[in-house]
Amino acid sequence: MSQTALVLVGATAFVGLMVLLGRAAASKTSADAESYFLANRGLRRFVLFAAIFGTNMTAFVMLGLPGVAYHGGISIWLMLAGPLLFVMPLSFYFGYRCWLVARKYGYVTPVEFYRERFQSDGLAVLMFLGFVGWTIPYILTGVIGGGRALENFTGGSIPYWAGGLAVTIVVAYYTWAGGMKGTAWTNTAQTLLFMAFLLLAVVLIPTASGGTGRIIETLQREQPQLLTRSWDGPFSLGATISQLILFSFIIFAFPFVWIRMISARSSKDLRASGIAYPVALVVTWVPAILLGLWGASLVPGLIGAEADSVIFLLTAQLLPDWVAAFGLVALLAIVMSSMDAQVLTLSNMLSRDIVGRYQRGSTPGSQVRWARVFVVVLLALTYAVSLLDMPGIFDVAQFAFTGFAVFYPLLIAGIFWRRATKWGAMASLVVGQTIAITGYLGWYPVIAGLQPVFWGVTIGTATLIVVSLLTPRQDTAAERFHAVWDEARGRRSPAVSRAPATAR
Amino acid sequence: MDRTRVTAASVIVLVMLALQWTGWLGSAIEPVVAGIPIQFSYFLAYAALSVVALWGIFRLVWPRDND
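If you're matching them up, the sequences are chains A and B in order. My numbering applies: residue 1 is where the first sequence begins, and numbers increase by one. My numbering applies: residue 1 is where the second sequence begins, and numbers increase by one.
Because the hints were derived from the structure by calculation, they are not lab data. Source: prediction; values computed, not measured. Certain hints may be false.
[Claimed, not checked] Reference listing, derived: stretches of chain B covered by chain A, where coverage requires no fewer than 3 residues with Cβ under 8 Å from a Cβ of chain A:
#1 11–20
#2 31–44
#3 50–62
C-beta: ideal position from N, C-alpha, C; glycine also.
Take these sequences, add in the hints, and give me the full structure.
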């Protein structure tokens, strides 16, 4: 069987599995909001973990990361390992605090949660616009990445437009039909698939090329700089500090991960997911970086973005055809595992935070119907835009991390600091986003390697503190949330409020 | 008691933040053990330590009886 035929068989089998899982999830999903949006707050154990981890892993892990290691060596790992392995999983504790309150008052989206915490529709609108604005480029890169992958792997037998369409239709089906449960179940299969491929490749490629010792000896002789921790350019001290801030709590700032955290069945499962997070990161990131590094020795001479495909070049040159076909399946899996959650979350926010909030007579059932319509419409629009030539879209998607990171001050203050006010939160968000966007546009210089995220988060934090202290307290709103956390810790709150949930 | 737990968790966080700072390891070309540069392996050990540290921090600050 030719490689193209194997790729087509693999892709067809994968699509079939996704459709089956979507159908199975749909049969267990009812038309009420808790069921469709949050899987009845019932995600458990590995499904919960995979829903969070799979969503957070994008095509960057299999395409961008190996390319960075190919050109820059081990520095990318030495710069990012600390924040990714230890600081980022601390976000699960923040998620736990949100999980407690969301479960008690029936909140579904982060916009709804913080609107009630700060009693502000203005803040909710700002958050909604920010979340939507930074999520759309992500979804777009998923469609583009899926289309390009299918075209490249089949030697053009499946053109770009058809590949992107296939990815869009599959994601639309299981997200539309199964809601949160559909995406969580498919994410479980997808996470297992991309992890298995990376582990397989990192074991088989050195075996087929003389062993890791030989590869590294060549690197030591010919490209020793790749085995050194660089402190220049993208790995400078300022960049390292910026990346530490950028990645520290990023999963908490992603609305599509936040919603998955509050869908946990128990806090024990959420806690276990946080503890397991570093292990899963090692299983995915380490193979991706090692393969990029080894690629510099085994397929030298790649220029610029050519190195992004180094894993697939190595697989095609050194391993049997079925492994290359498995590589495409893994790439589709990692692309879809993010796209579905992003689309579902945007649909949830549109139906809950816009339709549910501002349309008279809205019911949880009608919100689910709206959400399903939004899933299809959003993906159709995204697919249409993906057919346009947009060379800068991948840069925007990469920069979206900064756009989400400047939410940190308000997201964290909202769950820890009673004195934080809506004015402080809004000022922080406006200042942070302005600094982020003007930094992306290059309106101010990079000083000492410190990137826009550093200025956006630090100045945004200072703004939140100062403005909050200068504006009237919101004790009643804050106490309603802190009472839940105090109760969980077994402490009596000074003025416990038991107001009913206001979320519709 | 509550304050003691938070302080203990904060100490673990600070130690882990300090351990991820590898500037003190220098920028020399890495010795390689078992086909992997030493600084690279250092962070594999750091990952294992992170699992233990996260377990400890969550145990200290995360109530166990509200599932």
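These are the hints, each one checked on the structure:
Look at the region 11–20 of chain B against chain A: 5 of its residues bring a Cβ nearer than 8 Å to a Cβ of that chain, three or more, so the hint holds. Against chain A, the region 31–44 of chain B contributes 9 residues with a C-beta closer than 8 Å to a partner C-beta. That satisfies the three-residue criterion, and the hint holds. Chain A is given as covering the region 50–62 of chain B, and this holds because 9 residues of the stretch bring a CB closer than 8 Å to a CB of that chain, at least three being needed.
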